[in-house]
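**Q** Given only the sequences and the hints, what does the whole structure look like? Please build it.
Protein chains: 2
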Amino acid sequence: MEKSFLSHLECGRCGKEYEPEKPWQLCTCGGPLLARYDLGKIRSSVRKEDLARRAPNLWRYREFLPVRKEENIVTLGEGMTPVLPLRRLGAAIGLPHLYLKDEGIIPTGTFKARGAAVGISRAKELGVKVLAMPTNGNAGGAWATYAARAGIRAVIVMPKDAPVITRNECAISGAELYLVDGLISDAGKIVSRAVAERGWYDASTLKEPYRIEGKKTMGLEIVEQFDWQVPDVILYPTGGGVGIIGIYKALQELQAVGWIGEKMPRLIAVQSSGCAPIVKAWQERKNESEYWENAYTIAFGINVPKALGDFLVLKAIYETNGCAVAVSDEEILAAQRRLAREEGVFACPEGAATLAAAIRLREQGWLHPYERVLLLNTGTGLKYPDTVEVSVPLLEKDQDLPN
Amino acid sequence: MEKSFLSHLECGRCGKEYEPEKPWQLCTCGGPLLARYDLGKIRSSVRKEDLARRAPNLWRYREFLPVRKEENIVTLGEGMTPVLPLRRLGAAIGLPHLYLKDEGIIPTGTFKARGAAVGISRAKELGVKVLAMPTNGNAGGAWATYAARAGIRAVIVMPKDAPVITRNECAISGAELYLVDGLISDAGKIVSRAVAERGWYDASTLKEPYRIEGKKTMGLEIVEQFDWQVPDVILYPTGGGVGIIGIYKALQELQAVGWIGEKMPRLIAVQSSGCAPIVKAWQERKNESEYWENAYTIAFGINVPKALGDFLVLKAIYETNGCAVAVSDEEILAAQRRLAREEGVFACPEGAATLAAAIRLREQGWLHPYERVLLLNTGTGLKYPDTVEVSVPLLEKDQDLPN
Chain Y
934 MEKSFLSHLE
944 CGRCGKEYEP
954 EKPWQLCTCG
964 GPLLARYDLG
974 KIRSSVRKED
984 LARRAPNLWR
994 YREFLPVRKE
1004 ENIVTLGEGM
1014 TPVLPLRRLG
1024 AAIGLPHLYL
1034 KDEGIIPTGT
1044 FKARGAAVGI
1054 SRAKELGVKV
1064 LAMPTNGNAG
1074 GAWATYAARA
1084 GIRAVIVMPK
1094 DAPVITRNEC
1104 AISGAELYLV
1114 DGLISDAGKI
1124 VSRAVAERGW
1134 YDASTLKEPY
1144 RIEGKKTMGL
1154 EIVEQFDWQV
1164 PDVILYPTGG
1174 GVGIIGIYKA
1184 LQELQAVGWI
1194 GEKMPRLIAV
1204 QSSGCAPIVK
1214 AWQERKNESE
1224 YWENAYTIAF
1234 GINVPKALGD
1244 FLVLKAIYET
1254 NGCAVAVSDE
1264 EILAAQRRLA
1274 REEGVFACPE
1284 GAATLAAAIR
1294 LREQGWLHPY
1304 ERVLLLNTGT
1314 GLKYPDTVEV
1324 SVPLLEKDQD
1334 LPN
Chain F
934 MEKSFLSHLE
944 CGRCGKEYEP
954 EKPWQLCTCG
964 GPLLARYDLG
974 KIRSSVRKED
984 LARRAPNLWR
994 YREFLPVRKE
1004 ENIVTLGEGM
1014 TPVLPLRRLG
1024 AAIGLPHLYL
1034 KDEGIIPTGT
1044 FKARGAAVGI
1054 SRAKELGVKV
1064 LAMPTNGNAG
1074 GAWATYAARA
1084 GIRAVIVMPK
1094 DAPVITRNEC
1104 AISGAELYLV
1114 DGLISDAGKI
1124 VSRAVAERGW
1134 YDASTLKEPY
1144 RIEGKKTMGL
1154 EIVEQFDWQV
1164 PDVILYPTGG
1174 GVGIIGIYKA
1184 LQELQAVGWI
1194 GEKMPRLIAV
1204 QSSGCAPIVK
1214 AWQERKNESE
1224 YWENAYTIAF
1234 GINVPKALGD
1244 FLVLKAIYET
1254 NGCAVAVSDE
1264 EILAAQRRLA
1274 REEGVFACPE
1284 GAATLAAAIR
1294 LREQGWLHPY
1304 ERVLLLNTGT
1314 GLKYPDTVEV
1324 SVPLLEKDQD
1334 LPN
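Residue numbers (the working numbering), protein chains in the order written: chain Y, 934 to 1336; chain F, 934 to 1336.
Don't take every hint at face value.
Treat identical chains as interchangeable: a pair holds within one or across any two.
What the hints assert, rightly or not - The list that follows gives simulated cross-link-like pairs (lysine-lysine, DSBU-like), each with its CA atoms no further than 35 Å apart:
no.	residue 1	residue 2
1	Lys1122	Lys1002
2	Lys981	Lys1248
3	Lys981	Lys936
4	Lys1002	Lys1248
5	Lys981	Lys1002
6	Lys949	Lys1213
7	Lys1196	Lys949
8	Lys949	Lys936
Calculated directly from the structure, the hints in this document are not laboratory data.
**A** Shown next, in the form of structure tokens:
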């Protein structure tokens, strides 16, 4: 790796700038810091055609990433997840150009690996020794895993209802894991207090600037995989919202370097009707969301009652003429079954929610049959065994199959 | 896809040839049929350099695969799994050039996806409507998943002790799933009777010729990922043995087309001391194994008391000056923890067994510090939650982290 083109950090709320070689957290105004690059230099240093021969992982976009020295890259081979055509299902629901990007095919089984890979690499580069974070499970599993590879100590706090398998990931990686009898917002408060007292690095969503840079690579990949065009619509399951913010950031950066034209995909935030603060804010044309009381959904990863980056999610939706949609847990489970039975994709419930939303939006006429529609499946269904009903006959050794 | 260079099928035991456009099962002698290609034509049609620009999945090796028409390819984006250097662990165990190929980063989370992708694609091409198979879990999950994508009906029989999550995969994909109170060999007998009676396609290990062609792509990828060289040693967890047979077949084909030289890696079959028929046969310098009574190991995927292809596994070991090693379940679990804590790889127990074997072989002086040693991790640890001990403190919402 030659070098990164990272130039500075900029508050996503007030615009204040920071020099990028210190482990900053939030802006003094409380807003999240975003990484900014010298896009003019990227434009003159690399052509999109140069990427074709690079290894199939997210580090192929190194010029758009913040890690300066190759030796600091902490990688498990993450990225370049497949984009699959869903021909049968697409035809059945009236969207013949339906695609799914499968983030289940990545270390730790979810898209959280992207944020962890880039976030941990940059933390290592900045000299971080201990980090702490709240999580709904998958981010904790991913950060614990990459922290182990980097030799960084990780302290993770997750709701006791988070997917059980993510506890295993944290435990076997040697992270210090705590459960809390509450929601991710409660876990966040515990982490905030500990960080303030002990001087740890806070790796909470958007409280450090680099997780989003990892998530951004989903947007870079989508464009490269669509042969440097953009799909018409991207549906994204939205909890903390870093994925959709990151994809939008990627598209803006690609426009700035001239690798794509003016057309933007419409970005759609998909939530569960049991926790839909972004949808409510969008319906009311507001720029921020309100805390969602008594949040509950089986799509645990999007059970986020109030996201720090909500205003950036809403901005991405408004500026791309997108929308926000809430679907029920029943619709999510039905969509999960259809994806598996009709297309062989065992998606997580969060990912399945995007199919449920696409069905709804097609019925309402908001999506059109000629459009290229991309579902973002954020992880593998293997991590959510409880969402599948199984009843299996047990045979004796010498028994025959029933007719 | 232009075309496949498949020329015929050949019995791996007696050499009898079969024309390849019918859905053959075993040879009349009971031996498994192997796909043979016109390697001379491959040599004159494609150069290894041509592959660099192809998509990062196993279909990049299409000339070496049996599927003739592109429209018959059933894919979920499988293949080109990462090869990771294990620097810290390698230094600690005296093997500074230690690598791991991570087959957890693939649809269904195990290397079984390769066999299913190619096997199901070819079954679709040959007009198969119903297939049946016994499985220790992961193969069943993979074949059920790819069968769903292909629109083929799948009947799966697995031991009741197989990993529970693989039941979910079969169930959600719409396969017909049965458990048996016994081992995979008992499941195999049930399938054999049903196939004989009902005329289904038997997709049991090596009873159809194409699963091995999918597994073969691991060997093709390893060589490409080592920049068209071979590592010195490959350690492979061996149950049915199709992976090691496939890797050896790939290496032979690459030699025949002149893409690699004469050097072969030493191939090592790793088994559990609770089920080690190949190790016993190798120690006794035999060409076939005997049925292993009372087989038991937590590495369930290699709990195979007698493999149909045992003679081919042993041939691969003898011809490459390899060996066979059995490790205990305790060594496997310790190796699984080390991989996660020291390298961030949450491997399945079968994959972890290869690290345990490498440690043993280094201590015995069979492996040397200057050698490039590749561990094959056949799947993700996420599918085996029971192998991880977790004890986590539960906090109340307003509680602080303990000191």
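**Q** Each hint needs a verdict: does it hold in this structure or not?
**A** A quick look at each hint next to the structure:
Within a single copy, Lys1122 and Lys1002 get their C-alpha atoms as close as 34 Å, which meets the 35 Å cut-off; across copies the closest is 57 Å, which misses it. When the C-alpha separation of Lys981 and Lys1248 is checked against a cutoff of 35 Å, the pair qualifies only within one copy, where the shortest distance is 28 Å, while the shortest distance between copies is 47 Å. In this homomeric assembly, Lys981 and Lys936 come within 35 Å of each other (Cα to Cα) both inside a single copy, at 17 Å, and across copies, at 30 Å. Proximity of Lys1002 and Lys1248 under a CA criterion of 35 Å is satisfied intra-copy only: 33 Å inside one chain copy versus 46 Å between copies.
With identical chains, the CA atoms of Lys981 and Lys1002 are at most 35 Å apart both within one copy (22 Å) and between copies (31 Å). Within a single copy, Lys949 and Lys1213 get their C-alpha atoms as close as 29 Å, which meets the 35 Å cut-off; across copies the closest is 69 Å, which misses it. In this assembly of identical chains, the alpha carbons of Lys1196 and Lys949 lie at most 35 Å apart only when taken from the same copy (29 Å versus 60 Å across copies). In this homomeric assembly, Lys949 and Lys936 come within 35 Å of each other (Cα to Cα) only inside a single copy, at 25 Å, whereas the closest approach across copies is 59 Å.
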